[in-house]
Amino acid sequence: MAHLKLDIQKISRCRELAESISIPVEEMIKAHTTIAIERTTLRLIGVNGAVKRNGQWYPEVNAICDDLHTDLIASEKGNLPLSRGVLHYFVNGMIQKKMTPAELGKAVAEKKVNLLKLPFAPDSEIRALAKSLCEKGRDWVISSKKYRDDLRKEVGDKFDPEGKNGPLLYVIVATGNIHDDVTQARAAAQAGADAIAVIRSTAQSLIDYVPHGATTEGFGGTYATQENFRIMREALDDESRKLGRYIRLTNYCSGLCMPEIAALGAVERLDFLLNDAMYGILFRDINMKRTLIDQHFSRRIIALSKIVIHTGEDNYLTTADAVENGHQVLASQFINERFALNAKMTPDQMGLGHAQEMDPEHPNVFLLEIARAQMTRDIFPKSPIKFMPPTRHKCGDIFYSHLMDAMFNFVGVLTGQTIQLLGMMTEAMHTPLLQDRWIAIRNAKYIFNGARELGNEITYKPGGMIEKWAEKVLNETHELLEMIAKKGMFGAISERAFAEVKRTETGGKGLDGVILRGPNYLNPFFDLL
Amino acid sequence: MTDPKNTGAKKVDLKKLKPYGDIMGDGTLQICFTLPVEASAEAREAAVQLTEKMGLDQIKVATMESVGKGFSMFVIYGNLPHTVDFTKIEVIKVDAEKRGRDELDEVIKTHIGRKLVVLGACTGYDAHTVGIDAIMNMKGFAGDYGLERYQWLDARNLGAQVLNEELIKLAISEKADAILVSKVVTQHNIHIRDLKDLMSRAAKAGLTERLIFVAGGPRVTHPLALECGFDAGFGVGTKPSDVASYIVEEFLRRRERYDGIPNPLKVDAAPTEARTKISKAALKSKKGNARKKLTRKIEVKFGKAKKKSKKTSQGRKAKK
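Protein chains in written order, with my numbering: chain W, 1 to 529; chain G, 1001 to 1320.
Calculated directly from the structure, the hints in this document are not laboratory data.
We put the CB at the ideal spot given by N, CA and C, even for glycine.
Some clues are possibly wrong.
[To be verified] Below, a list of computed lysine to aspartate or glutamate pairs in the DMTMM-like style, where the Cα atoms sit at most 25 angstroms apart:
1) G:K1060 to W:D397
2) G:K1139 to W:E476
3) W:K502 to G:E1166
4) G:K1239 to W:E476
[What the hints assert, rightly or not] Anything over 12 angstroms on all C-beta distances counts as not near chain G; from chain W, calculated:
5) I11
6) H32
7) H69
8) D123
9) E135
10) A188
11) E361
12) A428
13) K472
14) S494
15) T504
[Unchecked claim] Chain G regions said to be covered by chain W (calculated; three or more residues, Cβ under 8 angstroms):
16) 1055 to 1068
17) 1130 to 1143
18) 1243 to 1253
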């Protein structure tokens, strides 16, 4: 594979800066929990039911945590029930009522038991039971991972994080109805897709609970629910066996329920999760602290389950000029890498994202795109790089659009990208038709096959346009990281360091779900994951 | 039109317009669709029969592809016998002459003397800010600077997922002159529901007379925006200056209508070819086509405004 000659010392310096940027953030993370983390904890010990509220399913974990979390804003003293951790109250409830987690979860959600009005067992007894419950939760994640590993072995799996087997063909389904999604996903797999992403209903990231059960209506996508995960994975298991080729499943691990989705994804055997340390802050206006605390716990679960995350740096290119913003992508990749390492993830789990979004009429645009793609590959050699297709400059001319996707596929195979999200010629028109996906897969197969070894046959001209562009982007990245390190992560974001978006430490959604951990905070998962 | 004996190149007959492949009047059409049946001789025949039902002649199946178990895709060519009379086509367009940023700044400075307040937002659950960002943000789109860059516009991008209720409140508290709403997500026609909801709230708050409401998005058209109660709609490829041109012109028109201050941009002569506008004839036209239905709807909806705006020559024609 042809490589770019890059300044190794500068790359090391960028990594050092990312680490120093993460240190104060990690301290903040360690001092807090969030209502979403507490809900996740309950889910992992087996509370996964729902109760009807206003005619809709509302998760028991929300009902339980909401009750323990009331009056937070008025108090702000940190001596609220959840500052001890939900397990303290819930496990005590199990002891007092002699109930299983599922039974107690239902009883509390139906308001038949009030956790705050029970006598308390000795702390040591609560801690011991909590530990054994969390160990079972951890084992649930491990056994799901094992099932997935076994299935991959059974049916065959060519995935290689370093991209040595050529880019993986990744397509999306987005009908809004999980059963229609299954039909579309199966057809895509039969046509040659290696991974299916179920696009989530618009703005689910801002709903502070995970909807319950199978869903048949969504906006711009399908709701992420545990049952929807199960239905789709079951179909893909079946399809993988029929095709003799493991088909991966992707969903979104972002927004106000980020850690819960990580847990549900882990136990329902998802393969990929879209998970970014900063995306929620910048593009969904979710509070900084909430996002960063949640991403850490999510990634701890992900680290254990060996799910591969995909980061969302493509967004820096769709919201701002892609020619000018390459350095924001790279800086964010370094930061995402650091936060993932801090959560015990390994490089082969970090699907660092970027996209081919430059103006197609920019002079020598492919040279610049090749430089961007190749430098991402070369700077993160062990990571499964996720390459996303043109969207910003797409319009209704489906023929031109198809050609843009072909060139995107060409850059992808040439530069050794690992996961290629295939462009749709009807991008910017409607969610993909079955035929759109088939046409896209045929396009990718043709180019990935025809240019498979091209990257091994060429070298980049020293001091040429491609190398110079990569050097320029690396230099700008270094400067940006120096600035962020100086101002601190929060300060930098409040001064528009990324995507020209300004966010403040106390702004955004979900801050009321951030809880200072008390001295007796109980959550064995922090030791077990 | 098709005269096989005539070997010379034919000119287009605008009274009988039909698609063009390589010979004038051939009516060539290419279509692509998927049938939810396995690719087979029967599937091919079914595709041909469906194409015949569309009214096409000389049907050629270019390809039948198996696109998944139980699905076959077709690319088909055929000739369309139907024609339309191009000379009778009427389209409702946004009524504004295109002006550049400097000129618009100058117009506001000279004739209005204060900054026009423009609020932009993606409303409802819509989180896709690509459109509103392209119009509002400093940088703009395709070399055309965004509204934030206009010296005489106080343009504020409120971003994604702004609730209609909130937007109406802000419109009042910020004394907005124009509201821009971007809608990208269109599943189950949620964009139409959201747009109509905003306008019914605006009507209740008594804002529709002076405040200019503009909708935009890849699936938004001017007639659709009008149908939802907006004043104008802009689709794909719209530049910030297109929107700014409309806002400034519309502001001056309304000022003339309600305050009697003459509109300095008014063209005294009859509408010229260069001006894209909704002609009265287009709206009053009884010649049957889809537009008629739309016009009628608008007439009903804006029945009240009808009387008033009759007095003005240029005012809110779309809404009569």
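Outcome of the hint check:
| no. | hint | result |
| --- | --- | --- |
| 1 | G:K1060 to W:D397 | holds, 23 angstroms |
| 2 | G:K1139 to W:E476 | holds, 20 angstroms |
| 3 | W:K502 to G:E1166 | holds, 21 angstroms |
| 4 | G:K1239 to W:E476 | violated, 30 angstroms |
| 5 | I11 | holds, 30 angstroms |
| 6 | H32 | holds, 26 angstroms |
| 7 | H69 | holds, 24 angstroms |
| 8 | D123 | holds, 43 angstroms |
| 9 | E135 | holds, 39 angstroms |
| 10 | A188 | violated, 7 angstroms |
| 11 | E361 | violated, 9 angstroms |
| 12 | A428 | violated, 6 angstroms |
| 13 | K472 | holds, 20 angstroms |
| 14 | S494 | holds, 16 angstroms |
| 15 | T504 | holds, 14 angstroms |
| 16 | 1055 to 1068 | holds (count 3) |
| 17 | 1130 to 1143 | holds (count 4) |
| 18 | 1243 to 1253 | violated (count 0) |
Checked against the numbered hints above, the structure violates hints 4, 10, 11, 12 and 18; every other hint is satisfied.
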